[in-house]
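K.L.:
Modelling step: build the complete structure from the supplied sequences, incorporating the hints.
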Amino acid sequence: MDYSQFLILKEELSLIAVIVILFVADLLFLSPDAHKHGGKPVLNTIIPVALLLIHTLITIVPGPEAEAFGGMYQNAPVQSIVKSILSVGTLIVFLMAHEWMKLPDTAHKQGEFYFLTLCTLLGMYFMISAGHFLMFFIGLETASIPMAALVAFDKYRHHSAEAGAKYILTALFSSGLLLYGLSLLYGTTGTLYFADLPAHIDGSPMQIVAFVFLFSGLGFKISLVPFHLWTADVYQGAPSTVTAYLSVVSKGAAAFVLMSLLYKVFTPMVDDWQTVLYWVIIASITLANLFALRQENIKRLMAFSSISQAGYIMLGVIAGTAQGMTALIYYVLIYLFANLSVFTVITIVALRSHKFTVEDYNGLYNTNPKIAFLLTLALFSLAGIPPFAGFFSKFFIFAAAFEGGWHMLVFIALVNTVLSLYYYLRIVKAMYICKSDEPIAPFRSDNYTRAALIICTLGIILFSIASSVYETIGNYAFGM
Amino acid sequence: MEYTILILLLPLLSFLTLGLGGKWMSHRMAGLIGTTSLGAVTVLSWLTAGLYFTAPRLADGTFETLIPYNFRWLPFTETLSIDMGILLDPISVMMLVVISTVSLMVHIYSMGYMKGERGFQRYYAFLSLFTMSMLGLVVATNIFQMYLFWELVGVSSYLLIGFYYTKPEAVAASKKAFIVTRFADLGFLIGILIYGYYTGTYGFFGEGAELTGMAVKMVPLALGLMFIGGAGKSAMFPLHIWLPDAMEGPTPVSALIHAATMVVAGVYLVARMFPLFIGYAPDVLHMVAYVGLFTAFYAASVACVQSDIKRVLAFSTISQIGFMMVALGVCTASDPHHGGLGYMASMFHLFTHAMFKALLFLGAGSIIHAVHSNEMSAMGGLRKYMPITHWTFLIACLAIAGIPPFSGFFSKDEILAACFQFSPVVGWMMTAIAGMTAFYMFRLYFGIFWGTENKELHAHHTPHESPLSMSFPLMFLAAVTCVAGFIPFGHFTSSNGTAYDIHLDWTVAATSIAVAVAAILLATYIYKGEKQPVADAMQRRFKGLWTAAYHRFYLDEVYQFVTHKIIFGCVSRPIAWFDRHVVDGTFDFLAWSANAASDSIRGLQSGRVQQYVFVFLLGTLALILLLLL
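Protein chains in written order, with this note's numbering: chain A, 1 to 480; chain B, 1001 to 1629.
Hints listed in this document are in silico derivations from the structure and should not be mistaken for laboratory results.
Check before you lean on any hint, since a few could be wrong.
As the list claims (entries may be wrong) - Listed next, the stretches of chain B that the computed footprint assigns to chain A, with coverage defined by at least 3 CB atoms under 8 Å from CB atoms of chain A:
hint	region
1	1481-1492
2	1587-1598
3	1602-1611
Every residue gets a Cβ at the ideal spot worked out from N, C-alpha and C, and that includes glycine.
P.N.:
Encoded structure:
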């Protein structure tokens, strides 16, 4: 065996190194009774953040296109870009986790949090770079199972435990279906290599069933309607930081993988998957928006918002062009900054004042003007108001779908942006206009939270001006 | 030429510094920051011009068009995109020099003129913003970038006209300027979109552009619509109504924006699109000439009877921009020797006019500073009190009247020559309007510096010469006005880019000098004396005409009637009713039903995981059925 092949996996190896270092550090320096030391976390946030930053920086320049282990693993520049985007997202999540990690309940489990999160990230890496459905499935499960542990991280809190149970049960079911789909696919074609499959796929009924099962398995991760019902409960119950991670990183990875599977493997069934996507997109965007309108709990509201955003992301897939792929990656990038910004604010507000409903945000501008302003920027970007980056990402993804000939779909999506504007602005209105008898008391956030907010806000503002980012992604996407 | 980016960045930086930090700065500091950055910009602009025009010409005798920066900002398709960049060619480099020089003079002048005003820092911040926008407009690499900066220029003009926002007239004037130009810009935008759609690019076309297919038919329409935008900014009849009112702004602002730079943006736009006009839309180009001709005449006749000195200058500006438009419009070919002379003449006049008109406005500012009034009745006999202002003003008046050797003579002569080449009728009409120009300018001159002195007012408050910060720009601009005519302008800018030797057509020149001298003598005869029997008699004799002209031929009233009575009353009110009751009602109903739907489906989310999985499975099966059936 040629061991030099391992070098092709440099992104995964570097991430594994980070995981191992953190794991060892956790074992050596963090004894089980660490919480007796006044609850002070021994493993400071700076270590995982710095390690992850180094990892991101050394892998940020995409390598050449390569294959390893007989085609089980393959990597192209565009996949490296997506991996970098995901690790930046994880980095921001680590920053915002700092405050939560200082709580006495979680301080002694700090190491576990980093370990579990990075394991899911590793799973996503493998999933993205898979060249074979087995590799893909292992990656998917590696990304899924630690996630359930993360959702139930505050296990003594009833909501968190319940959310964990719901997540793992639904995940099991969807994995079952997906695996069933894979076996049907293998049965009809005799291979699970991505490269060989298109030649054997002809759209026979058995393959349609296989495809839909596979699609539903990924649809669960992206939380598309009708595979979305777990989302609201899990998002609400899970710790805010984990929710942020779920809604951005996990979703972004799954969306990209779905797209590359559809483009690469199911090319002969393009009409079929476009039909499926057409209805799923309409259902996701519209239903999620309708559900979001009347939500009182802000995390639940953001859960439905993330379902409808997933629908928008799928617009890039249905376009079926390189432009669509570029638009999708760009959309995920911008969505990452905006959504993480919102969740950072939600997390810090929840930690400082234990408040979760939209009504609780009444008068936030009077007590915490800066944070209210940053939240407003992020919400504007999510709603797609110019000049924030969210406008451009929506514009590009609509343009891609429109050029693909999906005029009606773009129209429906446009009407839905109006609906979404309503619930995003509801939060803004609460902060700026509504008066409150007991507003959230003024507080100072810690430096890590500030750093997370600054990075996100810079992302929202700068990426709107620097369309060269879009062009860079575009150049690699055309090579796909 | 990479440093040219600084020409845009420095004023922007100064705007941000003054705009954000002005509150904590002293007036002196703010003025120094603004003026220094503008000084640097001016040096850079002159350096750019020097390097650009001394560089060797290309093989076909033109200067190379340089694009040091071009940044693809918003791509729509492979070819169609909005870019942001810097384009250097003879006219943009010429404009850089004009804008930065006049702007620097205005910056220096304002230190004295605006001394002690409330909002001094804000004033300098806006001046920087304006300068940045105007520079960005002229160096635009494509029509869309031009449009963006065009709007920015409009905004900064709005902000500066309304600088004295406690005065209701200033607020009304700023709104009027914004709305009228914005209205015209709608035409510009539609023109741009048509242009982009049919040519597949927002870029400019150079000499000998090749268009194909529908573009050939649609580009004239696009150019016509763009000209509407240009006519709005350049105050062409009937969109000129905002410019006289814009005089409510501080006088240095009028000098910079409403005399030298922004108002010639329309001329610049036509010059920028000139290759397309000549190649594909000569008829539209001639329309430009007729609009310009009528505007020049109309504004000149109104200027003859105004009593507010800034209004006289405003109408004279409108009239002179009309001259530039006519000069562009009478071109019939791109060869400067045969039918393309007007292009060079127009750019030349733009250059000289910017200098002497800024001088006139700054002089007027100096006078207003001294007597605290805009009305000619408060002046008279000021030559004794303000010698520098007097002499520089006289030089500018001679220049605009077209008396050699001042700069206006040379450029105006080229315009007239171009007009005579096009058609003798147009040529004679333009000569007559040039005569009117000389007449009303000297009416103004004598009214201010000679004539009856308002002793009562002056005894109360003796007028005095302005401080050096104000008189230096006057002297500088006067010096430029004296020598600018001898610049071999045709070597730098001509319709096809090749060098062109300006040679005076002495028959045209002699006629125009004779007409100008006659008009000046007439004005001297009527207005120089202490008593003005002829003027009064004429005013009585032609009372109707005089009153009509004084009220600008009631054009503002016509607009008022059309907008308020017809549009607001007959169109807007019914629409507003419809909007409030039918449209709002529909949307309220939609919002209500969305909310109701949201309420009713909330129960579907039960929290039971069995049900979730059930829906999941059903959804999967439904999708399978969808594909199989």
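K.L.:
Next step is simple, just say for each hint if it's right about the structure.
P.N.:
Do the hints match the structure? See the list:
1. 1481-1492: violated (count 0)
2. 1587-1598: holds (count 5)
3. 1602-1611: holds (count 5)
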